[in-house]
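Number of protein chains: 2
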Amino acid sequence: MSFFEKLTQRAHDVNSLLCVGLDPHKAELEEDSAEAAFKFCQRLIEETKDLVAAYKPNAAFFEAYGVEGWAALQRTLAAIPEEIPIVLDAKRGDIGSTSEAYASSAFQTLKCDSVTVSPYLGGDGLQPFLKDPSRGVWVLCKTSNPGSQDIQALQLPSGEPLYVHVAKVCCLQWAKEHSNAGLVVGATDVEAMRVIREAVPEPCHGGPSACESNSPASQHCHSSRKNRPTIILEHHTGLSKQEPCNP
Amino acid sequence: MSFFEKLTQRAHDVNSLLCVGLDPHKAELEEDSAEAAFKFCQRLIEETKDLVAAYKPNAAFFEAYGVEGWAALQRTLAAIPEEIPIVLDAKRGDIGSTSEAYASSAFQTLKCDSVTVSPYLGGDGLQPFLKDPSRGVWVLCKTSNPGSQDIQALQLPSGEPLYVHVAKVCCLQWAKEHSNAGLVVGATDVEAMRVIREAVPEPCHGGPSACESNSPASQHCHSSRKNRPTIILEHHTGLSKQEPCNP
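Protein sequences, first through last, are from chains A and B. For the first sequence, counting from 1, position 209 maps to 209 in our numbering; every step adds exactly one. Quick note, our numbering runs 1000 ahead of the 1-based positions in the second sequence.
Just so you know, the hints here were simulated from the structure itself, not pulled from any lab data. It is possible that part of the hints are untrue.
[Claimed, not checked] Dumping the calculated SDA-like pairs for lysine to any residue here, alpha-carbon to alpha-carbon at most 25 Å:
#1 K1111/B with I1045/B
#2 K1131/B with A71/A
#3 K111/A with D1032/B
#4 K1026/B with G66/A
#5 K1039/B with P146/A
#6 K1131/B with V1190/B
#7 K111/A with P146/A
#8 K26/A with K1131/B
#9 K168/A with A1153/B
#10 K1026/B with S1144/B
#11 K1111/B with R135/A
#12 K39/A with D1032/B
#13 K111/A with H178/A
#14 K1026/B with R135/A
#15 K1168/B with E160/A
#16 K1131/B with A27/A
#17 K1168/B with Q9/A
#18 K26/A with R10/A
#19 K26/A with V1067/B
#20 K1168/B with H178/A
#21 K1111/B with A27/A
#22 K131/A with R10/A
#23 K1039/B with E1068/B
One chain only, chain A, in its complex shape (with noise of 0.2 Å):
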């Protein structure tokens, strides 16, 4: 089963879009550690892996704790039930060799099944994630900080920003063979989504594509695309603080 088939199948089985991040950001952890970060992210898929379409553990905040870091990931991972996909939110991406060795990290030793990569070094570098049609590749499209004006959204002579060629040479071209990417398209701005969806009316595995919930294009989401999955990034801002977690 490919990511994308079991992204939808967990989608109907939960009645639910909603991807809940992992992020153990410091500032909300009880104490500065590796442990507090596995622990922070264990209450969090104990409270909410009955509603959850996916999880979205993010490598930085791990990272950030070294050994013992990769360590608290590794069990995070292994706290997260068989039957949810992952994203592996790692924005890894390099040229073709070195691609091989992030892919082997987020596939085969973390065993995640899918993973967000950056597109600036091409298409070479992201067959290596491709490559494999079981797993999902999310590539950075367009994303929702202030800076995405700067290099995101700059104007190709064609007159479409550089998000929409992004788009249509990852949905078109690269991950042509498999269909097994999706676009990470900030839900802050519904009308890049919407240009997005106009210029890839079929992106990638029938149009997953990323947006944060709690913004004016969740809505857009799930209207626009009731036959396809959409997945909603929500970040675990918000859903972390409650007590007990009721998202």
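Given chain A's structure and the hints, the job is docking chain B onto it.
Positioned in the frame of chain A, the structure of chain B alone reads:
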């Protein structure tokens, strides 16, 4: 002392611009293990430490071994003499709060002097790396792989390729405060290097640009910037196959 001061000092002391990549590719190891990856790097360091301006360990090849790989990376870093500056080749980059964690990993946990990052997220995503004037930040500009044509070489309406825009915005805006960024420019593309140098004559701390040796551009690096340190990114291939190592 800032990273670029440390690099300049070291380059002067050993009269060398050579940066040795520590890339323990699985195919080159005696066995497929984190321990073998460490031993591979340890030997390379032992045999080249009197000759190099810098070392560039590549996070991917350690990360592929999970927790043990991360431990091998930390042991490798500890085996590098203190006076030799380190470029952590990690190609990280995310939105601000996540980049904070990646910067903490590279600079505090791993204690590296500098790190490679991707510009796709924009300036705000790189500020957590750039805010410490004592550290260096190598921003991907024009890489050496064929896929660098896909995104990096796209022409903008001004007529210049995207990578020149990245060079300008990085050096003249994002890293303006501390002038602590360098540009990663694959030395397989002499023309790109020439154009970038024309566009940013005084890039970031007087101009360290990254290029590979054993390429047409390495001569160009040496000849065109006599008064400025230009780091030569020598991949370990070739070096690591010498017995004894004799770069």
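Hint check results:
1. K1111/B with I1045/B: 17 Å, holds
2. K1131/B with A71/A: 29 Å, violated
3. K111/A with D1032/B: At roughly 18 Å apart (the allowed maximum being 25 Å), D1032/B and K111/A satisfy the hint.
4. K1026/B with G66/A: OK: K1026/B and G66/A at ~22 Å, within 25 Å.
5. K1039/B with P146/A: 44 Å, violated
6. K1131/B with V1190/B: Between K1131/B and V1190/B the Cα gap is close to 31 Å, so the pair fails against 25 Å, i.e. violated.
7. K111/A with P146/A: 33 Å, violated
8. K26/A with K1131/B: 19 Å, holds
9. K168/A with A1153/B: This hinted pair holds, its Cα atoms lying about 16 Å apart.
10. K1026/B with S1144/B: 21 Å, holds
11. K1111/B with R135/A: Distance ~34 Å between K1111/B and R135/A Cα, so the pair is violated.
12. K39/A with D1032/B: 32 Å, violated
13. K111/A with H178/A: 19 Å, holds
14. K1026/B with R135/A: 22 Å, holds
15. K1168/B with E160/A: With a Cα-Cα distance of about 22 Å, the restraint between K1168/B and E160/A holds, given a limit of 25 Å.
16. K1131/B with A27/A: Holds: K1131/B and A27/A sit about 19 Å apart, inside 25 Å.
17. K1168/B with Q9/A: Distance ~46 Å between K1168/B and Q9/A Cα, so the pair is violated.
18. K26/A with R10/A: 30 Å, violated
19. K26/A with V1067/B: Given pair K26/A, V1067/B holds - Cα atoms ~20 Å apart, limit 25 Å.
20. K1168/B with H178/A: Since the Cα atoms of K1168/B and H178/A sit roughly 37 Å apart, the hinted pair is violated (cutoff 25 Å).
21. K1111/B with A27/A: 21 Å, holds
22. K131/A with R10/A: Measuring from Cα to Cα gives roughly 23 Å; hence the hint holds.
23. K1039/B with E1068/B: At roughly 13 Å apart (the allowed maximum being 25 Å), E1068/B and K1039/B satisfy the hint.
When each numbered hint is compared with the structure, violations occur for hints 2, 5, 6, 7, 11, 12, 17, 18, 20.
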